[in-house]
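Enquirer: Chain residues, written in single-letter form:
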Amino acid sequence: MIHPTPAELLARIADALTETVLPELDAAETRIQLQVAVLILRRLAGPAGDRGPYLDADTRDVAATVDTWLDRLTLPAREAVAARDLVDEVLASPPLPTTTELVARYEAVQALLVDVQRALHELPPEHEDRAAIDTELRALLVRMVARESEIHTTYSAW
Amino acid sequence: MTNADRPVPDADTAARFRAGLERWLHTQIEGARDIVVDNLEPISSVGGARRPWQFDVRYALEGEERGLRAVMLVKVPGGQLETVLDPEFAALRVLHAHGVPTARPLWIDPDGVACGDPCFFTEWVPGTASLDLMQRPVDDPQRRAVALGMADVAAALHTVDWESAGVDFLPIVTRETAALAQLDEWEDTFLRQRMEPLPVLVYAFAWLRDRVPVASRVAMVHGDFRFGNILYDESGVTAMLDWEMVHLGDPLEDLAWAHRTRWSLEQLLSIDEFIARYTSASGLAVDSGAFHWHRMFAEVKHTVISLTAARSFTDGRTTWMRHADRASMAAPFMARFLRATA
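Here the protein sequences line up with chains A and B, keeping their order. Positions in the first sequence are counted from 1; adding 105 to them yields the working numbering. Positions in the second sequence are counted from 1; adding 32 to them yields the working numbering.
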């Protein structure tokens, strides 16, 4: 499950606090505390909440820039090897997708999983693939829910 | 945002409600004069569909001073359920008349004339809905008494002769369609409220649809029959609350819902004891296979309710913070479903 995304959730919590709690607060210091908290929530609901692509772009920029210097500067032998390895590793790594891109791809494979379930149900009950695929589907769903449970822990006892 | 949607009603809201009530009640209590509404205050509630208030009303009628303590249940827009007031109010009339422990229904305001939002009114009933009972020592006698009392309430509810009572405000189902109708309704809600395809829910609905049981009888079903939706005191259960999901259906639906993990009566009494008491009081047998199906349906239904709540918050139809992270309930509920159906 991906919706609401952290960004969607934080933005709405900021709205709700602004609309329902802030108007009830009279004490100036309490209001400021909440106003600052809302500002931080709004910042995290924006690009600041998606740090992966930022870190990836910055890291890649550093590596690409330093790459051209390594042959022109003299580093101690061990450091030079380590630097070359690090720069090569960074530049060879696949680019990190944005959360927006990951969400779109995740929704697409979810839809695929719904479509294949429909196709599975259209197989005759006695078809040899029906039971086998159902078993594999069920195991996949168990793995997906287990991964989700690792990050969604608030209601684990419900 | 409406006033009913506010987690903490302010003094202006209470004053406006009081004035509106005093005007509106003249149209409801025939011949009443000098109507005064007093001690109006919100009641703490964890329910998401109705926001309750309590108040005293005094009036003169036929030369006498009269009064009662009432509860106003205001419909919450954009909550975790899609409900209407009229069937709930009409069901309360039938159930109260048949001796099921409920608050006596008084008036209904479907257009929100009195306070701005649709609401209905019942007589106040003593007791508490506190969940603290679950935390008391195992040998606390009230724990067992309340759980047995709930079995008795379920028995009374499920043996109401609804056909004679003329329950034309609820969709009719048969023994064959009782469980299926609920499955259809909640799958429809799922398809409208989901924010992504959610293949695990699609799988769960298909699993249930392949195994729909035939009900042993059709009964009036509460739909949210659980600890937390009852009032109790030293004498036992005083009233069953929150009838917004009442419908005709398979009585096992209520028994299964009462045993969902979060509020399971197993914390007070074993399922076997609960069912023995229920069967003794109602004369209705409980088929273990059908009961299991309804327990699995309960996991799916609660997941859909949670997704609806999350969607309401995400779409800005409610600002109630309790709904904000409700989508995260799906993982533990579906994990339990997959384990129990393995």
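These are calculated hints, taken from the structure and not from any lab test. Among the hints, erroneous ones may be present.
[Claimed, not checked] Label-pair ranges, simulated between beta-carbon atoms:
1. G144/B - A133/A: 29 to 39 angstroms
2. H324/B - W263/A: 13 to 23 angstroms
3. G151/A - E208/B: 46 to 56 angstroms
[Said to hold, decoys possible] Quick partial rundown of chain A residues pointing at chain B, CB under 8 angstroms, derived from the structure:
4. M106
5. H108
6. E113
7. V247
8. W263
No experiment lies behind these values; they were computed from the predicted model shown. We put the beta carbon where it would ideally sit given N, CA and C, even for glycine.
Enquirer: Have a go at the V247/A hint: is there a Cβ in chain B nearer than 8 angstroms to its own Cβ?
Expert: Because about 5 angstroms separates V247/A from the closest Cβ in chain B, which is inside the 8 angstroms limit, the hint holds.
Enquirer: Can the suggested window of 29 to 39 angstroms be confirmed for the beta-carbon pair G144/B and A133/A?
Expert: For A133/A against G144/B, whose Cβ atoms are near 36 angstroms apart, the range 29 to 39 angstroms holds.
Enquirer: W263/A was flagged as interface toward chain B. Is the shortest Cβ-Cβ separation under 8 angstroms?
Expert: W263/A check passes; min Cβ-Cβ to chain B is 4 angstroms, inside 8 angstroms.
Enquirer: Hey, does the H108/A contact hint survive, CB to chain B under 8 angstroms?
Expert: 4 angstroms, holds
Enquirer: Checking hints one by one. Is E113/A an interface residue toward chain B, by the C-beta closer than 8 angstroms rule?
Expert: Result: holds, 6 angstroms to nearest chain B Cβ.
Enquirer: Should the hint that G151/A and E208/B are 46 to 56 angstroms apart at their CB atoms be regarded as holding?
Expert: Hint holds: Cβ distance 54 angstroms, inside 46 to 56 angstroms.
Enquirer: Let's test the interface hint: is any C-beta of chain B closer than 8 angstroms to that of M106/A?
Expert: 6 angstroms, holds
Enquirer: Falls inside 13 to 23 angstroms, the C-beta gap from H324/B to W263/A?
Expert: 20 angstroms, holds
When held up to the earlier numbered hints, the structure conflicts with none and fits them all.
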